[in-house]
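Chains as they are written, first to last, in our numbering: chain H, 5 to 436; chain X, 5 to 436; chain D, 5 to 436; chain R, 5 to 436.
One should not assume that every hint holds.
Given that identical chains are not distinguished, each listed pair holds provided it fits within a single copy or across any two copies.
[Said to hold, decoys possible] Think about it this way: if two alpha-carbon atoms lie no more than 16 Å apart in a straight line, the pair counts; the simulated EDC-like pairs of lysine to aspartate or glutamate are: (1) Lys244 to Glu369; (2) Lys133 to Glu319; (3) Lys435 to Glu345; (4) Lys167 to Glu398; (5) Lys173 to Glu125; (6) Lys270 to Glu247; (7) Lys362 to Glu319; (8) Lys270 to Glu302; (9) Lys139 to Glu348; (10) Lys244 to Glu302; (11) Lys167 to Asp235; (12) Lys362 to Glu348; (13) Lys362 to Asp67.
No lab work stands behind these hints: they were computed from the structure.
There are 4 protein chains.
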Amino acid sequence: MTVKELREQLITWRRDFHQYPEKGFLEMRTASIVADTLHHLGFSLQLGKEVMSEAECMGKPNDEETKAHIEWALDNGAQEAYMDHFSEGYTGVVASIDTNRPGPTIALRFDMDALPIHESEEANHIPNKEGYRSKVPNTMHACGHDSHTAMGLGLATLIAENKEKLQGKIKLIFQPAEEGTRGAKSMTSAGVVDDVDYFIATHIGTGVPHHHFVAANNGFLATSKLDIQFDGIASHAGGKPEEGKNALLAAASAILNIHAIPRHSKGSSRVNVGEIHGGSGRNIIASHANLLVETRGETSEINDYIKDHVFSIVEGAANMHQINYGIDVVGEALDCKCSVELAEIVQKCADSHAVIEKSILESNESAGSEDATYFMEKVQQNGGLATYCVFGTELAAGHHNEKFDIDESSLLVGVEVLYQAVKELVVTEIKR
Amino acid sequence: MTVKELREQLITWRRDFHQYPEKGFLEMRTASIVADTLHHLGFSLQLGKEVMSEAECMGKPNDEETKAHIEWALDNGAQEAYMDHFSEGYTGVVASIDTNRPGPTIALRFDMDALPIHESEEANHIPNKEGYRSKVPNTMHACGHDSHTAMGLGLATLIAENKEKLQGKIKLIFQPAEEGTRGAKSMTSAGVVDDVDYFIATHIGTGVPHHHFVAANNGFLATSKLDIQFDGIASHAGGKPEEGKNALLAAASAILNIHAIPRHSKGSSRVNVGEIHGGSGRNIIASHANLLVETRGETSEINDYIKDHVFSIVEGAANMHQINYGIDVVGEALDCKCSVELAEIVQKCADSHAVIEKSILESNESAGSEDATYFMEKVQQNGGLATYCVFGTELAAGHHNEKFDIDESSLLVGVEVLYQAVKELVVTEIKR
Amino acid sequence: MTVKELREQLITWRRDFHQYPEKGFLEMRTASIVADTLHHLGFSLQLGKEVMSEAECMGKPNDEETKAHIEWALDNGAQEAYMDHFSEGYTGVVASIDTNRPGPTIALRFDMDALPIHESEEANHIPNKEGYRSKVPNTMHACGHDSHTAMGLGLATLIAENKEKLQGKIKLIFQPAEEGTRGAKSMTSAGVVDDVDYFIATHIGTGVPHHHFVAANNGFLATSKLDIQFDGIASHAGGKPEEGKNALLAAASAILNIHAIPRHSKGSSRVNVGEIHGGSGRNIIASHANLLVETRGETSEINDYIKDHVFSIVEGAANMHQINYGIDVVGEALDCKCSVELAEIVQKCADSHAVIEKSILESNESAGSEDATYFMEKVQQNGGLATYCVFGTELAAGHHNEKFDIDESSLLVGVEVLYQAVKELVVTEIKR
Amino acid sequence: MTVKELREQLITWRRDFHQYPEKGFLEMRTASIVADTLHHLGFSLQLGKEVMSEAECMGKPNDEETKAHIEWALDNGAQEAYMDHFSEGYTGVVASIDTNRPGPTIALRFDMDALPIHESEEANHIPNKEGYRSKVPNTMHACGHDSHTAMGLGLATLIAENKEKLQGKIKLIFQPAEEGTRGAKSMTSAGVVDDVDYFIATHIGTGVPHHHFVAANNGFLATSKLDIQFDGIASHAGGKPEEGKNALLAAASAILNIHAIPRHSKGSSRVNVGEIHGGSGRNIIASHANLLVETRGETSEINDYIKDHVFSIVEGAANMHQINYGIDVVGEALDCKCSVELAEIVQKCADSHAVIEKSILESNESAGSEDATYFMEKVQQNGGLATYCVFGTELAAGHHNEKFDIDESSLLVGVEVLYQAVKELVVTEIKR
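All chains, full assembly: derive it from the sequences and hints.
Pasting the structure below:
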């Protein structure tokens with residue numbers, strides 16, 4: 005494929021995924037196309053539950069929603085041959101090439117899921133003007149994961165074409181449900197990076213200027229997303245108040261005390277009860293209440309400290325009113341400590357690219373949370389190196405905005421830098 | 005009309021209303037049939053806003069719901085000639101006969117609204133078996149107001165037939181929206197009972213045995229139904245927590261403190277936050293929260309004491325977090341102090357009826373709340389007498405239960421006792 | 005002793021006790037004089053731990069305060085011979101006379117303790133004017149227990165003088181620490197009334213008019229007095245906030261939730277956190293907090309319901325913040341259900357007394373709480389009868405007021421009525 | 005005075021102050037000795053209310069405590085001649101020398117107050133072993149202000165001796181009540197530094213190694229100390245609960261909500277309710293509650309944000325329960341932004357001192373709070389320069405520890421470095 009062809013192919017892929025966005029654990033169409041493409045490029049595939057631990061899968065949609073999506077996917081271009089692997093919502097794909105020549109194992113992570121955002125219908129919104137706006141109401145690739153997936157396929161193309169020049173083993177990880185930090189832990193637990201020496205995750209955009217590059221983005225906060233239920237006993241508030249066990253009193257106590265968890269002296273923390281829904285009538289002592297909670301910490305230690313307090317508070321609040329409770333962890337991510345050694349290599353590759361104007365080795369700008377940190381931690385625990393890179397691009401609007409859009413020229417740059425890094429790393433001996 | 009014919013007509017009316025239940029302030033079909041029937045019986049009519057104060061109308065459905073119902077009503081038998089009066093949801097009807105002979109003014113109250121309950125579809129539920137189950141999903145006459153309306157029409161029939169034997173003036177009040185204690189205050193404020201000497205409200209069932217009769221039911225609690233809104237400012241809980249004004253912290257503080265309002269030494273009180281819905285996302289500082297609250301008191305003084313505290317608490321909780329709030333009073337009722345003098349007269353009438361097995365002068369059994377208490381208070385303030393009677397009947401299931409049903413033989417008994425009371429009262433001089 | 009002599013002796017005793025008031029579990033001087041007097045009248049004595057269960061003794065002063073009082077008592081007229089029994093603060097006295105003639109066992113309860121109130125120093129306060137004001141600062145017989153003790157000794161005198169005319173067995177119970185409802189449970193647990201057929205407790209005053217008499221006062225509320233401690237971990241609020249375990253957050257949550265315990269539909273309840281003291285510095289995360297709590301219920305069932313919730317709330321609040329807690333029950337009383345049969349007998353005795361102007365069989369006027377209810381419950385559980393009588397008197401000011409004072413003419417009336425009741429009861433066969 | 009004499013004099017002064025520690029706004033003995041010494045050295049004096057704004061004086065002891073201290077001071081060596089200025093507790097001293105030669109105005113701040121800590125009585129505690137342990141129970145110079153005062157007098161000595169070699173004007177500010185950050189705002193408001201070009205505050209110790217020096221210590225947190233009162237209405241919790249206005253419910257709501265004030269994204273914040281005392285009896289609805297609160301912020305903006313929320317919460321909590329409240333600001337300090345230009349000059353002076361081993365230009369180590377920041381802000385607002393220096397020393401135990409002690413050799417070093425800085429600054433033109 006010529007460079008021009010590759011540039012166009014990247015745009016074609018990106019626009020296709022952009023039109024058919026799929027939310028976390030529903031990326032059936034996307035994953036099937038990814039799998040099919042990689043298969044034809046000569047990669048070995050591991051799919052669905054082969055690369056995802058069911059037990060560690062957080063915040064999955066319910067069965068009903070998952071089943072309903074199968075039909076949609078098939079109607080909209082999913083590759084039927086792969087659908088058996090993905091139909092329960094385990095939509096991870098790992099594609100490997102083993103050169104059978106000595107060398108390290110390198111893995112790159114690309115995420116595939118979209119957001120529950122309704123894409124702008126304004127005339128000046130380019131995807132709308134150019135005819136590739138999301139075809140799915142209230143669903144949009146507003147964070148750039150369509151680009152990530154396209155870049156993963158682009159990188160696969162270069163690797164496949166140059167397979168004979170490479171060494172070691174290369175793994176491309178296509179992850180579901182990065183939004184809500186839900187999917188990576190499941191893939192990590194399934195052992196996907198157990199054999200990896202060098203790991204690179206990437207993101208496009210996130211506030212870095214066009215054609216700038218960050219080799220090690222450490223500014224991610226550890227986080228936990230918690231769904232909390234209080235289950236009491238309803239009774240008529242006028243007639244038999246003493247027979248009720250009031251879930252709203254427990255919930256109200258929990259809300260106040262969760263927000264009152266003390267600060268941590270070692271760094272920033274956050275905690276928020278963002279939603280509550282409870283009760284079933286004005287004159288009924290409320291038997292249930294559901295809370296959506298999010299904790300964050302500058303380090304995983306700090307996030308764990310906050311999370312641990314939330315657990316105690318919820319249990320105590322339930323006990324106060326003699327009611328039951330449940331806490332579901334529906335998303336989680338760790339802090340991010342990129343390996344500087346690896347970042348330096350990748351930075352050098354970026355610097356050597358004609359189009360990259362400026363590179364930064366390390367950034368600590370807070371940029372939300374990322375569950376690629378699970379892969380990174382595991383690789384580093386095994387003695388490997390891991391980093392998280394950002395390719396700056398011109399954004400039409402910020403991430404998670406209904407008018408989010410990128411400069412598509414960044415796609416090729418990203419693919420070329422990553423390929424360069426792969427070439428470099430396959431001949432770089434890892435020291436353990 | 006023979007007694008047999010009247011008995012059958014009562015059942016026909018009741019079953020018709022039962023099949024076409026309409027919730028509070030939407031009783032367009034019911035009110036139009038009531039108006040049409042009374043018109044043909046020779047009553048003078050006052051309708052809609054003529055008998056309802058807009059300002060004192062509590063808990064009305066929004067315009068959209070009201071408008072949507074017009075069409076349904078017209079499609080399902082509403083008398084088009086009267087619809088102009090009712091189309092904005094002011095569905096009260098007052099029908100008067102002035103004998104032009106000296107004598108007191110007597111008023112009787114009948115309520116017309118249904119409940120948001122889905123009527124039982126079980127085979128053994130008689131309205132289902134006999135084919136007059138509610139035709140409206142999630143809407144049901146599960147409290148007997150269909151019977152009350154039928155009895156009002158039956159009483160009107162007897163009055164009309166015997167008009168020449170009567171004296172004074174007789175008013176039949178058909179009230180909307182008794183459920184939630186919303187409609188009576190509006191009619192009282194419009195002056196509907198300003199000229200009334202004797203006032204009788206009635207209920208069928210409420211736990212009194214079949215063919216028993218209570219002449220003065222005092223056990224109603226004063227109550228207020230409050231809808232509370234907290235309006236803060238949303239912000240990203242991770243990125244800019246200091247820019248939010250957290251409505252959930254205000255709501256949680258309000259919930260705990262409302263439940264902590266001290267007891268009153270003069271009698272029972274109740275207070276309940278029954279529902280809360282707030283927030284718009286896990287990672288967003290919640291900008292809004294809505295609470296449904298109910299207060300009750302053994303006396304109006306006690307209820308006012310509790311309500312006054314709720315208002316202070318809500319205002320204080322909002323101020324704590326620098327946010328706005330709103331409190332809508334969506335229903336209200338007073339305590340009930342029946343006039344014993346009047347109750348004794350009505351009891352005598354009941355005792356003289358062949359079918360009534362037992363009568364009780366006064367009962368203080370708690371029976372929820374009733375906004376007929378507004379009519380009663382106004383009549384008594386003007387020097388008149390007022391009472392609240394209960395006609396016992398065989399209930400298939402309790403009030404507000406999806407299998408609620410009455411013994412229809414009670415309809416005629418009720419009409420005859422009330423007619424007897426009217427006959428007695430028109431010749432009873434009121435002492436002021 | 006002539007009637008005149010007895011009248012004067014009663015006043016002498018009362019004024020002596022009035023000048024030397026002793027708070028609960030410190031009635032060493034009082035009890036030693038009681039014991040000595042009864043011994044000389046020929047009663048058999050059981051003293052201190054013989055008549056008090058240590059385990060069930062609630063709200064005792066600490067050892068230091070108890071020891072310090074011994075010296076004061078000896079310096080102020082305590083009978084040294086009896087002090088060994090009382091020096092640990094177990095100051096109960098039971099004096100018995102067994103006539104050795106067949107007949108029932110009759111017990112009467114008299115309480116001995118004073119209050120932490122500083123007696124009025126105003127000139128028109130009779131105890132001050134007449135020279136028998138309390139000699140102890142901040143300690144006063146402001147509830148009439150000095151009169152009760154005097155009446156007990158007066159009754160003993162009549163019984164001793166008329167021993168030969170009596171039958172059965174008579175027990176006079178002198179109870180410590182009725183204030184705070186602390187002493188009776190201990191004596192009941194020690195078996196003091198296990199053999200009793202008829203039990204009478206009495207109070208002077210409590211709002212009953214002078215020379216009126218109530219034979220069965222049922223208006224006492226069941227109650228529990230709870231001392232609550234939260235024990236967390238202190239840390240520097242600025243430097244190491246995460247190392248603290250905040251007792252004030254637990255205490256604040258407990259305060260709000262305790263007050264929010266739902267009402268009970270079966271009757272009145274009360275709950276109050278009356279005091280809190282917590283923390284040790286502005287910039288230190290508070291490691292401790294102490295709360296004083298009181299619950300009440302129209303019945304023991306209702307009080308237990310409230311108390312049970314307090315326990316859950318305290319435990320839950322502590323768990324929320326990962327801290328320890330303690331709950332000490334420092335006082336408790338049951339509801340009061342007098343035996344009407346017995347009350348009728350005592351009422352007849354009162355009616356036959358020349359000075360009693362009016363008697364009432366049963367009163368339900370709320371009059372605080374009383375731990376004589378423990379004796380009453382035990383007697384009734386064993387098939388005996390029990391009642392609680394009130395002798396009305398002219399009060400200078402209400403109970404627990406610094407100007408409280410009685411009309412001393414009531415003392416003799418009380419003694420004579422009680423003696424009459426004893427005479428009547430010893431020949432009244434108990435039916436079980 | 006020879007260097008040796010100065011070294012000994014510094015130790016003599018320090019040990020004298022150490023033995024007679026005086027808490028904030030009670031430094032009558034200290035201030036009178038300071039004033040007397042400076043007077044004899046030829047300084048012009050401004051004393052007491054001349055240099056302190058009464059309105060801005062925060063957290064002063066009450067009149068009783070202040071008056072009681074006069075006698076103690078006179079009995080223990082206070083200079084009677086100066087006591088009129090200090091007897092109301094305004095114990096500030098400003099001593100000036102005007103060379104009448106052109107040049108800038110330079111000010112240095114020394115604080116004089118001690119802490120409510122009982123000094124260690126252990127044998128190995130040097131002040132105890134050497135015989136200069138605090139003579140006042142529960143009062144101790146455990147933060148080094150005795151050393152600061154001695155250094156101020158030492159510096160004055162050198163200035164006086166070398167007056168003819170100097171230029172411009174030199175002010176020595178002896179501040180009361182730095183502990184609790186209470187005294188500086190009052191002196192600043194009185195205009196003490198309105199004419200100052202260069203301002204230097206110093207501290208000994210605070211974790212800097214022996215003979216190390218920090219020229220610009222920026223790590224102080226802005227802070228507010230708040231005393232909060234809630235005033236409700238007492239009533240009998242059993243008898244008339246509805247008549248009470250419960251201060252504990254307001255206080256509990258305030259505690260939870262104050263701790264729940266959201267974090268600020270721009271930097272660290274702290275908030276703590278450290279103490280609460282409320283209520284007057286178990287069975288009385290609590291009419292009052294007092295809270296001690298402290299807020300902190302990495303910047304004054306952040307501290308103001310937290311403080312503003314505390315005010316809203318307290319007002320709202322009071323309003324919730326229809327009670328009154330008061331908030332006294334009893335201490336306050338700003339953040340610290342040293343002027344680097346000035347710090348560089350002072351650092352050079354330190355570097356040139358033979359004994360200083362290492363100097364640091366800027367440190368951001370958190371070191372609690374300091375109200376010298378009021379002087380600094382005012383000087384900088386007027387276009388002057390200000391810095392806060394730390395002289396490292398060997399500490400026997402940390403600041404505010406009962407075994408706190410310094411290496412007295414640091415006293416002379418400090419004086420010499422400061423004198424060198426003064427010499428340098430009097431010839432340094434200030435640029436505005």
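Would you pick out the hints that fail for this structure and give their numbers low to high?
Those not satisfied are hints 2, 4, 5, 7, 9, 11, 13.
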